[in-house]
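First to last, the protein sequences are chains F and Y. Position one of the first sequence corresponds to residue 0 (numbering that gives the first Met the number 0), numbered consecutively onward. Position one of the second sequence corresponds to residue 0 (numbering that gives the first Met the number 0), numbered consecutively onward.
Just so you know, the hints here were simulated from the structure itself, not pulled from any lab data. None of these values were measured; they are calculated from a predicted model. Heads up, the beta-carbon is just placed ideally off N, CA and C, and yes, glycines get one too. Hints may be right or wrong, so weigh each one.
What the hints assert, rightly or not - Straight-line Cα separation of at most 27 Å, BS3-like style, residue types lysine-lysine; simulated pairs:
1) F:Lys232 x Y:Lys275
2) Y:Lys58 x F:Lys58
3) F:Lys24 x F:Lys109
4) F:Lys66 x Y:Lys275
5) Y:Lys138 x F:Lys38
What the hints assert, rightly or not - Residues from chain F that keep clear of chain Y, each with C-beta distances beyond 10 Å, as calculated:
6) Arg111
7) Asp130
8) Val268
Number of protein chains: 2
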Amino acid sequence: MKDTIIIGGGPAGMSAAIYLRRFRKDVTVIMKDCGALGKTEVVENYYGFNTIGGCELVKNGIEQAKKLGVEIIEDEVINLSFDGNYVVKTSNNEYISKTVLLATGSNRSKLRVKGFEEYVGSGISFCAICDGFFYKNKKIAIIGNGKYMEEELNVLKQYTNDILIFTNDTKIEVDVDFPVINSLIVELQGNEKLEKIITKDNEYFVDGIFVAMGTASASDFATKMGAEVSGNKIVVNAEHQTNIPGLYAAGDCIGGLLQISKAVSDGAVAATSINKYLRSLS
Amino acid sequence: MKDTIIIGGGPAGMSAAIYLRRFRKDVTVIMKDCGALGKTEVVENYYGFNTIGGCELVKNGIEQAKKLGVEIIEDEVINLSFDGNYVVKTSNNEYISKTVLLATGSNRSKLRVKGFEEYVGSGISFCAICDGFFYKNKKIAIIGNGKYMEEELNVLKQYTNDILIFTNDTKIEVDVDFPVINSLIVELQGNEKLEKIITKDNEYFVDGIFVAMGTASASDFATKMGAEVSGNKIVVNAEHQTNIPGLYAAGDCIGGLLQISKAVSDGAVAATSINKYLRSLS
Numbered sequence: 000m001k002d003t004i005i006i007g008g009g010p011a012g013m014s015a016a017i018y019l020r021r022f023r024k025d026v027t028v029i030m031k032d033c034g035a036l037g038k039t040e041v042v043e044n045y046y047g048f049n050t051i052g053g054c055e056l057v058k059n060g061i062e063q064a065k066k067l068g069v070e071i072i073e074d075e076v077i078n079l080s081f082d083g084n085y086v087v088k089t090s091n092n093e094y095i096s097k098t099v100l101l102a103t104g105s106n107r108s109k110l111r112v113k114g115f116e117e118y119v120g121s122g123i124s125f126c127a128i129c130d131g132f133f134y135k136n137k138k139i140a141i142i143g144n145g146k147y148m149e150e151e152l153n154v155l156k157q158y159t160n161d162i163l164i165f166t167n168d169t170k171i172e173v174d175v176d177f178p179v180i181n182s183l184i185v186e187l188q189g190n191e192k193l194e195k196i197i198t199k200d201n202e203y204f205v206d207g208i209f210v211a212m213g214t215a216s217a218s219d220f221a222t223k224m225g226a227e228v229s230g231n232k233i234v235v236n237a238e239h240q241t242n243i244p245g246l247y248a249a250g251d252c253i254g255g256l257l258q259i260s261k262a263v264s265d266g267a268v269a270a271t272s273i274n275k276y277l278r279s280l281s
Numbered sequence: 000m001k002d003t004i005i006i007g008g009g010p011a012g013m014s015a016a017i018y019l020r021r022f023r024k025d026v027t028v029i030m031k032d033c034g035a036l037g038k039t040e041v042v043e044n045y046y047g048f049n050t051i052g053g054c055e056l057v058k059n060g061i062e063q064a065k066k067l068g069v070e071i072i073e074d075e076v077i078n079l080s081f082d083g084n085y086v087v088k089t090s091n092n093e094y095i096s097k098t099v100l101l102a103t104g105s106n107r108s109k110l111r112v113k114g115f116e117e118y119v120g121s122g123i124s125f126c127a128i129c130d131g132f133f134y135k136n137k138k139i140a141i142i143g144n145g146k147y148m149e150e151e152l153n154v155l156k157q158y159t160n161d162i163l164i165f166t167n168d169t170k171i172e173v174d175v176d177f178p179v180i181n182s183l184i185v186e187l188q189g190n191e192k193l194e195k196i197i198t199k200d201n202e203y204f205v206d207g208i209f210v211a212m213g214t215a216s217a218s219d220f221a222t223k224m225g226a227e228v229s230g231n232k233i234v235v236n237a238e239h240q241t242n243i244p245g246l247y248a249a250g251d252c253i254g255g256l257l258q259i260s261k262a263v264s265d266g267a268v269a270a271t272s273i274n275k276y277l278r279s280l281s
């Protein structure tokens, strides 16, 4: 049983890990890659560094945390649940912990097609466990191609057998028992509610779409846990705790200034309050 | 006329300077030394650095800011006022600006003697311009030895000629026309209000004490400007603005986590809102 699992190894997550480790906590960071900073060639506004590459900074952080004894696992988190403790399911394993810090950045997978924004909440969902029930025996689409899609699919098939998988012009990476449509999605149509997916080659009538592209975002996990979310930002208090005890969030996923410095500070603040919370448990 | 003068060149002030300069603002940092970080031999919890010396980090920040074109002045700020613009008076000069960021850290000069905390607000003041009036023709003491003390003395002598200067076992650094007592202060006594200063060698009856030891702190300046202060912390909103338009504060002087990461983030947030404010002026 770990004290804290941190999902995301960017500035927010790793800063929190460094603090928690210094508080002598058993902390594990699960991360995939350099995240948003991987796309940042040069950072010049983070105090202390004249110039540093985005991914280089992330690697510095990993080094720094490892040196202190933080466990770092390269894996994709595909589910988060709570059964008295937090259960973090990855592509390859499952981990349990007393607390979880969400720090996966701000990118919620979006479809950049006409009609998408319009039908979010009116036929488009980001959370199978939250909304699957509303589609009992209905015709649904799930958009995605990897482990996270598979995880959501496993939930959805408890409610209906009428499922189409749209990979949106990408290659499917998992084995599935449902029809797979590879074609590029070009538009979503409907009236009050979503009704139709139009691809480059065809059109498909559906009652709902579940989006599970790429990896799950922090707000996806927060939503699954019943935590308050505003837009795609997780709502936290001044101590960076969500409304769910033991569940914290830091960095871009809670909004505010989307800057390294702010993420690093978020991590420090979250770690300090996680430490306080852990003390209250014992 | 400068866009912004930043008082203090630690992580909060310099981070703000870096951001403001990148917003193409004319920004000047006035600083004295490495501040609290000068006393920190090794920093290991600031994201991105395995290990770095406190003063080394401050010097990195100075380099980084200079490279971007931030003007850095080594001087002591002894007064802050507003006459339509902000007027920042230093030991050697005077500067005017549209906005000011206070980032001098958290240390308010205190006398570590018996009775001190008890009489703050009941005979002990930190602000000549705020409280001098209440001591018209009364007998007062001013504690300090340098330029800042001299500046406060210049205000106080408009109200009374009965002034004693206590250097508290330090050497006086300025020329003054009032009696100077060099002896170490050992206790302050009184009843409802402060009445007496006891030194190693003698005792002195006074109606009030003005503290102006060392350099003025951010909260001293905030108090002078009429900004809201709670304890010795400056009260700011989420944008790091005080209740005085154009006056901002960041870092340890606003409280919260007294950590580099939080100070750096404060600086970025303050700079972003100063930039917005400057845009609203033009």
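Structure-based check of each hint:
1. F:Lys232 x Y:Lys275: 23 Å, holds
2. Y:Lys58 x F:Lys58: Since the Cα atoms of Lys58 of chain Y and Lys58 of chain F sit roughly 23 Å apart, the hinted pair holds (cutoff 27 Å).
3. F:Lys24 x F:Lys109: Since the Cα atoms of Lys24 of chain F and Lys109 of chain F sit roughly 36 Å apart, the hinted pair is violated (cutoff 27 Å).
4. F:Lys66 x Y:Lys275: 41 Å, violated
5. Y:Lys138 x F:Lys38: Not OK: Lys138 of chain Y and Lys38 of chain F at ~66 Å, beyond 27 Å, violated.
6. Arg111: 28 Å, holds
7. Asp130: 33 Å, holds
8. Val268: Non-interface label fails for Val268 of chain F: nearest chain Y Cβ at 6 Å, not farther than 10 Å.
When the structure is compared with the earlier hints, violations turn up for hints 3, 4, 5 and 8 and for no others.
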